[in-house]
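Which chain is which? The protein sequence lines are A and B, in order.
According to this note's numbering, the residues represented by the first sequence are 1 to 603, in order.
According to this note's numbering, the residues represented by the second sequence are 1 to 357, in order.
It should be emphasised that the hints constitute simulated quantities derived from the structure, not laboratory data.
All C-beta atoms, glycine included, are put in the ideal place defined by N, C-alpha and C.
Watch out, some of these pointers could steer you wrong.
Covered by chain A, per the in silico footprint, the following chain B stretches (three or more residues, Cβ under 8 Å) [as the list claims (entries may be wrong)]: (1) 62-75; (2) 81-87; (3) 288-301.
Straight line, CA to CA, 25 Å or less: simulated DSS-like cross-link-like pairs of lysine-lysine [said to hold, decoys possible]: (4) A:K513 with B:K74; (5) B:K74 with A:K7; (6) B:K130 with A:K513; (7) A:K513 with B:K94; (8) B:K181 with A:K7; (9) B:K326 with B:K293.
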Amino acid sequence: MSSTLSKLVFLFTAIFFALFFVWPIFGTLQGAFVGSDGRWTLDYIAEVFRNPIYLEGLWNSLLMGIFSTLLTAVIALPLAVISDRYLFPGKSLLGAFLLIPMILPPFVGAIGVKQILGQQGAFNALLESLGLMDPAHPMDWLGEGRLWGVILMNALHLYPILYLNVLAALANVDPAMEEAAENLGCTGFRKFRKITLPLIMPGLFAGGTIIFIWSFTELGVPLMFEFTRVTSVQIFSGIKDIGGNPFPFALVAVLLTSTVIFYGMGKFFFGRNSHAMMAKATSLGGPRKVGWLGGALCTGFFCLITFLAILPHLGVILVAFSKDWYATILPTGWTLSHFEAALGHNLTLPSIQNSLKYAALATVLDLILGISIAYVVVRTRLVGRQILDAMAMLPLAVPGLVLAFGYLAMTQEGALMNLASSILAIPAGLASLLGHQEVSVRLTETVAADFGKFLVRHLSPAVDPLIIIVIAYSVRRLPYVVRSAAAGFQQTSVTLEEAAQNLGCPPLRTLRKITLPLIAANLMAGGLLAFSFAMLEVSDSLILAQKQQDFPITKAIYELYQLLGEGRFVASALGVWAMAFLAVTIIGASLILGKKLGAIFRV
Amino acid sequence: MIAITIENLVKTFGDTVALNGINLRVEPGELFFLLGPSGCGKTTLLRNIAGFYIPDHGKILFDREDVTKLPPHKRNTGMMFQSYALWPHMTVAKNVAFGLEERRIPSAQIRERVAAALGSVQMSPYADRKIAQLSGGQQQRVALARALVIRPRCLLLDEPLSNLDAKLRLEMRTEIRRVCKEFGLTAIYVTHDQKEALSISDRMAILEGGHIAQIGTPEDVYRRPRSKIVADFIGETNFLTGKVCAASTGRAVVEIPGSGKFEGIVGDPNWLPKPGEDATLSIRPESWILEEKAAEKNSLRGRIGESTYLGEVAQYQFLTAEMKLKVFELNPRLSARTSARDLHAVASPEDVVVLRR
């Protein structure tokens, strides 16, 4: 790529980020810190910390984030270590199964968890039938506030991300480092604690950060558990009167600030020393075979985790097929009618169509941006390319809820009209400087109003959410695509491109004829991942899709679930459709990328 | 056939000066070598000629055309990369055809020319193979065919043989020379292997720290190095240091403390040694002849230390009172060389090069 083109790409992506990343966040902060009189104020923030309901919400969010992360680590760490060290029966298949939960929509799984672990759920029914529990006093497994249900669901959904991160970090540890420890008499768990764990800490931290940020601000799962005393849900409920109420803004600001603080603290305590490996693994480490007992234990452990992780979704599938399921181990009758009802409901087909449209367009946008950014970052020496790289990774560190809220705030009619007039103020000012007063007036009045209406027509989710949802979806998934494209560029020797140029192929055509075919697998995997995450998107979808005909699948499921009577069953049926669909795409991605999938989930 | 002229070329990367004022002219049809230790700038120079780097100062001319700022795809040079850079997603024939397709040549003609190019490197039977199915030597031939088939203005070779085993390397280097001469190509060949350069080059440039230390034919560079750096880099040598005691045009006599006087040829024609000036002698190990009697000059007294017998040659360590020398003897008769007796190592003035200290 010529340097002019690289600079254009740089400029374009910088503007894109300024408009759709910096500005929404800035707008939200403004809503939180600027009072109705237009002055800076800390009143709203202070009020958040005085109001016991908001305080409890924040406390619960914190618990949700911390315990989800801890539980995730407890699940993922042993899995990764076993997978890195040992060969056991069914390993490759089980390793792939382990990733399934990542693509199962967790807020749909919540329906299943409630069905299984609720007071009148399947697990209690099982205990009662075994005579282990008194039917008169059923155990409340999820806890009064349903916090534990949310944490369990988060952990069961998110552990694959940490697992892949740790696996990649372990693969990078030179076996000679551990052999040296053994040679000096340090073995077993001590060796793991003193040598291995510090070496994989950066990977563990990178994965843990994503999981903490994700679960700290998770919206869909607590919403389905009707767990309302948590900040994310409080923000969601506050959106209805976003025009006159500053508190959603203040809550978002607090959430964002605490994320940054926790991230900084984590980085300070855990991520400080990234130990550079001096050399790539040289000795023949590799996983070794274990005896039949050890093998059985490993296989059993993998099976158990996979089973636990898909159990909620099995619950969902059962709910979708059941006539009735209340206080029994299994449903008491079977039916296909919910699937028909789901497909027949006037929400369903349009929502599937919408989701496909949003997700596909977002994936295309991601691929275009991702390839351009990765190319500039890996292949050019443009000053500022590291900034571009960091910018592209930032959406991983900013909660989806915060961005979704920011998009909503920035696309309010008033905000868009203001944007239009401030953009046009520049040419208007120029015109008046040059003495064309009437042009200047026309620009500030009629043209600005028309431009504002144009922006409202195309960007306001209340009118047409297509563009803003596509942008919202793609910004959040951009890091995955940039990472996978960058990995592709790094793996592809630059001399392959130089050889083509040497034979007379101009740079852009070289990109198309040589480089892109060579990194097609990476792009496909990154694209598939972006696509399936976009299909599952909760915060943007719930917040930005406002009219029924614009709902994506996730919002349709949420709305169906709210219906009385059949709602639970029909929502589950639609959830099953969505899961079947996603399973196909993600299995494709993991087959293509294999172990390298972990590289995508790094901050 | 073109001449390649490099004028005062400077290339820096950040604070490092990779090329510091290179001047060079490669004659039409010449097989020209860039030789030097790693980091000397030879690959940087080649990449400037190919267009992958744009120099900070200076000019590159193909005949009279200034190509300094021309992007690589418009230079029409054929390059062979150290890693071959064959595209793994294409077959052998597709790889070779690529440059022709870029030039919008009719497909019938492409087929013909690809077949001919593969034939000229004995790779015809492999046209439909994938690159991964080829051995290193075969990949090397395909890379050569791919660079030649576009009928480039010049051929650029970046350490093309460094990934091959020793035997294949010998075979391929004569092959490369044959092909270059057959196609009548101006070729620039980068290597750090002096054997490659001595055996097949027409002329070579020795680079050191971004400068050209010497340009010349293999014999020039080997027998008349202009500096210690060149003498040391090409072949093996013995350095003896002393003071000039007499000098005439192109010749000088140097007094080596404790070892007598040595007469030799001045390496650098621009240097006129003055009596009393410090100087270094470079005498190749094979230049010494071991004699029973001392000669009146160019002679050292000592005895044989360790010896290594290699069949056609024996390598001795020759120990004098002051120093250790490397001495090679062709067609050696070791039994005559017991270490008990003192011997005299004598070098002809034609084989002694006088260099700046």
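Hint-by-hint comparison with the structure:
1. With 5 residues having a beta carbon nearer than 8 Å to a beta carbon of chain A, the region 62-75 of chain B meets the requirement of three or more and the stated coverage holds.
2. For the region 81-87 of chain B, the assignment as covered by chain A holds, since 6 residues bring a beta-carbon within under 8 Å of that chain's beta-carbons and 3 suffice.
3. Using a Cβ-Cβ cut-off of 8 Å, 0 residues of the region 288-301 of chain B lie near chain A, which falls short of the minimum of three, so the contact claim is violated.
4. A C-alpha spacing of about 17 Å is found between K513 (chain A) and K74 (chain B), which places the hinted pair at or below 25 Å, so the restraint holds.
5. For the given pair, K74 (chain B) sits about 22 Å from K7 (chain A) by alpha-carbon distance, which is consistent with the 25 Å threshold.
6. Our distance criterion of 25 Å between C-alpha atoms is met by K130 (chain B) and K513 (chain A), whose separation comes to about 17 Å.
7. With a C-alpha separation of about 12 Å, the suggested pair K513 (chain A) and K94 (chain B) falls inside the 25 Å cut-off, and the hint holds.
8. A distance of roughly 44 Å separates the Cα atoms of K181 (chain B) and K7 (chain A); the hinted pair therefore is violated under the 25 Å criterion.
9. A hinted pair counts as satisfied when its Cα atoms are at most 25 Å apart, and K326 (chain B) with K293 (chain B) qualifies at roughly 19 Å.
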